[in-house]
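Chains as they are written, first to last, in my numbering: chain C, 1 to 176; chain H, 177 to 652; chain X, 653 to 1151; chain R, 1152 to 1253; chain V, 1254 to 1884.
Because the hints were derived from the structure by calculation, they are not lab data.
Quick reminder that beta carbons are idealized off the backbone N, C-alpha and C, glycines included.
Among the hints, a few may not be true.
[As the list claims (entries may be wrong)] Simulated crosslink set (DSBU-like; lysine-lysine; CA at most 30 Å straight-line):
| no. | chain 1 | residue 1 | chain 2 | residue 2 |
| --- | --- | --- | --- | --- |
| 1 | H | K280 | H | K331 |
| 2 | H | K614 | V | K1710 |
| 3 | C | K168 | X | K1025 |
[Claimed, not checked] Residues from chain X shown here face chain H by an in silico Cβ test under 7 Å; the list is partial:
| no. | residue |
| --- | --- |
| 4 | T721 |
| 5 | L1070 |
| 6 | H1077 |
| 7 | A1078 |
| 8 | G1090 |
| 9 | L1093 |
| 10 | F1101 |
| 11 | D1140 |
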Amino acid sequence: MLTDLATIDSLFYLAATVAVIASLKVVTGSNTVHALLYLVVSLLAVAVCFYLMGAPFAAGLEVIVYAGAILVLFVFAVLMFGLGKDETINAPKSKSVANMFGAMLLAFALLLELTVIINNAQIQQTLQANVVSSKAVGIMLYGPYLLAVEIASFLLLAGLLAGYHYAKPDVQGSQL
Amino acid sequence: MTLTFIMLALLFAGALAWFSENRWQGCAKWLALIVLALLATVFTIFVISHDQPFDNLQVLTRVSWIQTFNIEYSIALDQLSIVLITLTWLLAIICVLVSWQEIKQKAGFYYFNLLATIAGIIGVFVAVDMFLFFFFWEVMLLPMTAIIAIWGHEKRHFAALKFFIFTQVSSLFMLVAIIATGYFHLLVTGELSFHYLDWLALDMPLSLTQYLMLGFFIAFAVKLPSVPVHSWLPDAHTQAPTAGSVLLAGVLLKTGAYGLIRFVIFLFPQASMQFAPIAATLAVISIVYGAKMAFAQQDFKRLVAYSSISHMGFVMLALFAFNSIAFQGAIITMIAHGLSSAALFSMAGMIYLRIHSRNLTDMGGFWQSAPRMGGFALAFAGAAFGLPGLANFIGEFFSLVGVFQVMPTFAIIAALGLIGSAIYGMVLFQSSFQGTAKQEILDLSHRELLICSSLFLMLLVIGLYPNLLLNFSFGV
Amino acid sequence: MLTTAHSQASLNIEIISVILPQLIIAFGIALALLLVAWKRSQRTIALFTGAVMLIALVANVSLLTIQPTAVTQLLKVDSYSAFAFSLVLISALVSLHMSHQFLKAHIEVHDEYYLLLMLLVLGAGILVTSNHFASLFLGFELLSISLVGLVGYHRESNFSVESGFKYLILSATASSFMLLGIAFIYSVTGNMSFDANVPNEIYHQQDLRLFFEMGILLFISGIAFKLSIAPFHFWTPDVYQGAPTPVTLLMATISKVAMFVVLVKCVVAQNYLLYDNVQLLLMILAVASMLMGNILALKQQNLKRLIGYSSIAHMGYLLIVVIVLSGESLSFTWQSVLFYLSAYVVANLSIFMVMAAIQSQCSSKVGQLLQYKEELLLSDLRGLFWRIPSHALLVILAVLSLAGIPLTMGFIGKFYILSQATIAHAWWLIVTLVIGSGIGLAYYLPIIFTLFEKEDCTELQANKRPIIEHFLVYSFIIIGLLLGIFPDVVSQFIVSNPM
Amino acid sequence: MTTIPLFHVLVLSSLLFAIGFIGVVARKNTLFILMSLEVMLNAVGVAFIGAGSAWQQADGQVMFILILTLAAAEVAVGLALLIRMQKKYRSLDIDLLNEMRG
Amino acid sequence: MLLASLPFYPLVSFLLLILFAKRLSWRLASAISVGAMALTALVSGLLVFELSNSSSHFISVDLWHWFSLSSQQRMAEVNVSFYLDGLSAVMISVVSGVGFLIHLFAAAYMKDDANFSRFMAYMNLFIVAMLILVLADNLVLLYLGWEGVGLCSFLLIGFWYQEQANVLAARKAFIVTRIGDTSMAIGLFWLFSSFGELNITAVSELIRGVGSSEIGFSLQESTDIYWIALLLLGGAVGKSAQLPLQTWLPDAMAGPTPVSALIHAATMVTAGVYLIARMHSVFLFAPEVMNYVAWLGAITLLLAGLAALAQTDIKRVLAYSTMSQIGYMMLALGAGAWSAGVFHLMTHAFFKALLFLTAGAVILALHHQQNIFKMGGLLKRLPFESALFVVGLICLMALPGTSGFFSKEAIIAELWLSTTAGPALWWCAIIGALLTSIYSCRLFFLAFLGNERFTEKLHIEKASLMRSALLILALLSLFGGLISLDLSEVFFKIKAEELISVNEPSWLHTIAIATPFVGILFSWFYFKNYRVDSNLEDGVKTNLTASEHRFAIFCRNGLGFDSLYDVLLIKPYQLLAKLNRRDFIDQTMMSTAWYVGLWHDVMTMIQNGNLRWYLAAFGLAIMTLIGVSIL
């Protein structure tokens, strides 16, 4: 019954809805860590969308790099420097129970969706047909976009240097 | 090449004056004076010894300058420019003389600016490539603005700013018109050209020229100045140091009239003729309004400044009458006003030097202690209100006679300006030199006497023997 | 299954030589990292950076007359981009000199500063040569991120965090918008190269066209943000003020040049102007910039803010060229843009050079260290002319150039713009330009007047200045005058090549 | 071809983008602003992936990867700045940063 | 050559005096100026002699070519050249002769003034300008002289410039005459544009040529001539202090008395008369304007006479009387009695100069007391001056035998039958004569008879220079009428002379001759108090109070013209000037700057440094732009 309804379209819309709701929660949340977790949910939902759109490589990257690396960076920052404690007075208030419930609901929806996809052969088939394979992406990356990759590395270097400069401790006795 | 040499020499001498002043105090003015006299002589010899007559424009130099736009460094002379350049030389020397005592701070840089302005003005009168013309047009503004802004009176920055913005904004319209004409030339002949003589040969439709003409007209009307864009002038003249006012009133305003003649009327005769009623109306308003405003002023220099507006109105009216008599009148008025307003401003400077005020209410009864000064003041005021026998009368008479043949009503209203000029002339002279003596002042020194008497003599000579100027045809 | 036929990029010697300057910079960055590992010295790294840039500049000279050459599908080098990159490199060199003056007094070694500077230059180098949205985006980001690092570089400054944050967040937002725009464009056209033909069907499909136009709009607003074109200009004065002076210079010159060149490239290649809406959009932006920039700059006392506002207006003027662009006069358009940009760059370099000199001179010494003078007010220029005429002369020339007065390059630049606009009969734009210039004079001239005011402080003395500064000042005076009087010297480098 | 219309993907992307932008504008906490920026970038990624899959090209995904890089760099700088701000102002209220004006 | 040199003697003197103003002693300065004037008088005498003996009726000389005006029709040469014919001969004789005498007088009169040389210099300059005016062969040169005398008049009225009142009087004189001058200038423009000529003889010939043709001139030209004549009349009216531009003359009495004698009685004020006489050919072809001339003359004659009746200042009485006498001349000109008008001009110059100078001597003796109510009984104290004054007065009243009688009778005789004038104007002239004799008697009785009403000791100067000048003038006044003027060569008649004596009533002459006596008789009784003055204090008081009714004040203040002009012209002009002192156009221009500044303030408020606002603005801008592009 559930599987009948589960076409690629409907799954996509569901994931999209989850992403939107989760993003809304990110934006409106008051607790930093909660918001970050909602962000993870949103990213996961988007990853599902990617997957459904035939970009499994991108979906994987989304989960690994985005949700995995970047958000962890956030979490580290929040936890290490105690940023979570600083809440602006005007942040919207919400009940934590409702938050928990909502987060659970969204995560659950995503889980459900994933299982449906994995278990539904028809969907898998359709997806296979449409996929832009990671191989193609790789060829592109190291073919025409080779320079772009190089430049992206410099971009990361720039981010690194700037971040280092801002974050490094003050030199003792120095005005600058 | 001689003219180019003269202009470069002026700049060079200016720089020299600037630097040498640091070493030998007080040498800049001598240097400026000597250089001006020398170069004026060079110019005279050049003009006299030139083989071709200057009835028509004689192109002297024509060198390619900016190839991207086919812009040339091209200068030419004709009688009109010769006359105006001669006036420039005269007033330049007067300027140095009136600054003799007045400018003590940063004298070196001052004379640099003065000489640079003069170089720019000469450039304006000789340039025939329109880009070059515009170039000089702006270049002469810069040192002039500096003179106002650095050595001016209490509100100098405001005045300099106003002066600069008015002229600059209006000249941008001219620039657009120049570019448009240049590209129209490209459209017609397939070659971009900013050369005046090329443009003269160009046949342009009236629908186009009326806009182009307007672009030029705006710039020149501001410079002239004509009501309602005159409002920079009183401030600039009032706040400028004496030499600045002399140069402004004496020569800079003439560049506006020169532009009207050379570029508006000769380049776009039809469009100008069509525009003549409006221009003449503006001119008449300038005459009457200027005279009326001059009467209301309390400030000596401001009064003279407004009288300049009135006088230059005569020039514009005469030019837009399209009548040869009026045209001659316009040119004589230009010269005459150049001399007489320069004289009045010098007078203002001399008074300012003595009593440190330009306010008429602070003056009065100076005739008692300074009779020579009073006599000259009266003579110059007389020139300003068109006393026959002095140059201004010839100018106004020719202008009005000419205008009357074409536009009687305008001439009659403009003649009311004569009454107005008598009124402000009387106010000017009487409240400064007559009445009870408010304080004693020194009479003219020898240098000042030289300034006043030379100016007066020139006014008188032109007034009694105008053929000096009238013998020129000015390309009519 | 549609796959675009990407020609396999072959990075042969010829192509490498074409992007040699960029490569030199990139290589220089890598080497600099090694250098840091070997020896941390202010002097060494500064000299090294300077050398890298000089070599890149030399390498770039030969490219000035090059035929358009594609380097993979991402980059395309032509004479225009080479010219623009030369401008970038020159400004970077001047900025380097200023930065060195600014940093050398400190004990701490600021390798990252120089690295970021090189990264910035690299980003600009990529931008000016980019021929693809991807490279555009990367260059854009490289520029932005390096700038974010540099803007807040002076960490002791009160404004460090503020300006850094402002620039980071706004620039990130702007780039997001731009990316969204690119995504929309891409989703309609299916190709991200500038050379791609925009399919004809989008004229007929309403929804697609809507997305396409919105894409262009978002894309342009992203670029407009970087160019600080009104109404996306809000960050400009604040960040200009907060950033260290050499960095402000970078923002005023490099980022403007690079962004504008890429904007023109993109608009030219993709023929966006075929859409009336785009033209209207650009027109609104241009008019708003010309007016708002000039009006906001009035009565401004802080010099850097003033320059910031004036840059808004200048970009507005320059935008006119893009609006009236037409296929026939493409090379003329390029000439106008590049000439105006070089005039703009020279003027900004001149002003900032003097500003930096004043700042370093007016800084007070606290112990061994210099307390850098942060706020540079108009009144700090007072009487400069009588104390150091050369510096003041440079400022005068620069200000006149910005105001577009003859004798200076700025005037020729304005002449180009007016020529373009006149040919295209864009009278309303011309009127706006004239009004804008008029308002502009009301704040440019007071700067000059201030220079001439009677001196009251004698802090800055001519003889104390380093020789290289004098050399730079005099050479810029000469350059400014020479190029203002003989603009052909510059324009002959901006040769037209068949695209 | 996927069955999901490109139009819908773009709408989703715009929606996410709008949410992110609203977050950037509305939130006063700097951390939330950075998070919202991530949401925006992510939304752009959705659009690229959608377009790429609609055209069946790998370019979309390549762009997504590049955006990912950008996001990483941005977050690095942003968090570093955040830490400086925390140190200096003892607060993450973005409205404190308005010393420069006029 | 003699003619050419004429104005140069005073000019050289002027230059000498002005250049070495302070260094010259009184003796030297007066020698130079008076000597120059003597030379001028001598030369003009020679010239007149030469003219009367020469065959042609004019002498002319070209000095140099001034300029030429080219119009469509012809090239008008305007030269600095002099032209002497009968009319100008009369004028130069008057100017140089009377001028010389007045110089002589002035040298003594102004002896103690600190600025004596300057004064004499101005006087000389005035003579230069006046000679140029009368000798000019073209209208532009005439205009030069015209303005020149105006300037000198201005200078001399304001000679004692420390007094604010004198300054104002000078200004008033200059500006009011300038109004007339402007009208004349417009007339010149008009003349040139219709005839293409500015030379006086050439213009006359052109006009006569037009007029003599059988059909007459076209309508266009006739209106042109009408306007030209009217505008020239404007000039004449201004200079000659006729209605409506007469208000400056009484105030002009602020100048030293020789000035009043020379400029404001004998010469300059008659320039208007000269102009009309000179341009009579124009006026002849504009009969309406001739009519106006006559009427203006008549009205001025009456009103000025009326005003003279109420004056308290001796010089103002004389000033009004001058006005009224010039009214006679105008009346004559308007009636076509050219010769009579010019004749009266000449005789008037003699006796009015005499009157003024004598009055000056009296004033000097009374320490600059000019109020006739503070005089009285001078006949006994100053018999010589009083006698001369009486001579002047009887000439003024035109008692038979005096010069005034001959000239005035000549005018009155021609009025009745004149084509333009007529009985009405004749009656005006008669009433005018009556008024003249009344105010003359009033003046005489009040100042010279009765008791002394002054307390200071008289300052009696017996300078022989002064006295001799006065004496010669008195002789001229008495016997000047015997000079016969033959100006028939000069004046052109439009039609053949008709016999005039046919229809004239016989009683006309009787009345004309009798009128002054009636006036004297009337005054004898009416101003009895003044004459007898039995009770000094009361008499003055009662008379003063009696005459202080409104009408008298009204008359004394120049019949309200001054206040009328004040309200109509001066006040509005001043108000306008005051209101707009700051130039509303400038204000408008500057308000643009203010407006831009306002925008700046508004925009600066937007630039508030708030990051979130910047972001919102970013979004807002994009929304707006999307909105615009969708619409």
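Verification of the hints:
Restraint check for K280 of chain H and K331 of chain H: the C-alpha separation of about 19 Å stays at or below 30 Å, so the hint holds. Taken as a hint, the K614 of chain H and K1710 of chain V pair is broken in the structure, with Cα atoms around 34 Å apart against an allowance of 30 Å. Distance hint between K168 of chain C and K1025 of chain X is fulfilled; the C-alpha atoms sit about 24 Å from each other, no more than 30 Å. Interface hint at T721 of chain X: violated, since its Cβ lies 25 Å from the closest Cβ of chain H, which is beyond the 7 Å cut-off.
The beta carbon of L1070 of chain X is positioned within 7 Å of a beta carbon in chain H (closest approach about 5 Å), and the interface hint is therefore held. At about 9 Å, the closest approach between the beta carbon of H1077 of chain X and any beta carbon in chain H exceeds 7 Å, and the interface hint on this residue is violated. Violation of the interface hint for A1078 of chain X is found here, the shortest Cβ-Cβ separation to chain H being roughly 11 Å, above the 7 Å cut-off. Satisfaction of the interface hint for G1090 of chain X is found here, the shortest Cβ-Cβ separation to chain H being roughly 4 Å, below the 7 Å cut-off.
A cut of 7 Å between beta carbons decides the hint on L1093 of chain X: the least distance to chain H is about 5 Å, and the hint holds. Annotation: interface hint on F1101 of chain X holds; nearest CB of chain H at approximately 5 Å, less than 7 Å. Nearest Cβ of chain H to the Cβ of D1140 of chain X: about 6 Å, under the 7 Å cut. The hint holds.
Consistency note: the structure conflicts with the earlier hints numbered 2, 4, 6, 7.
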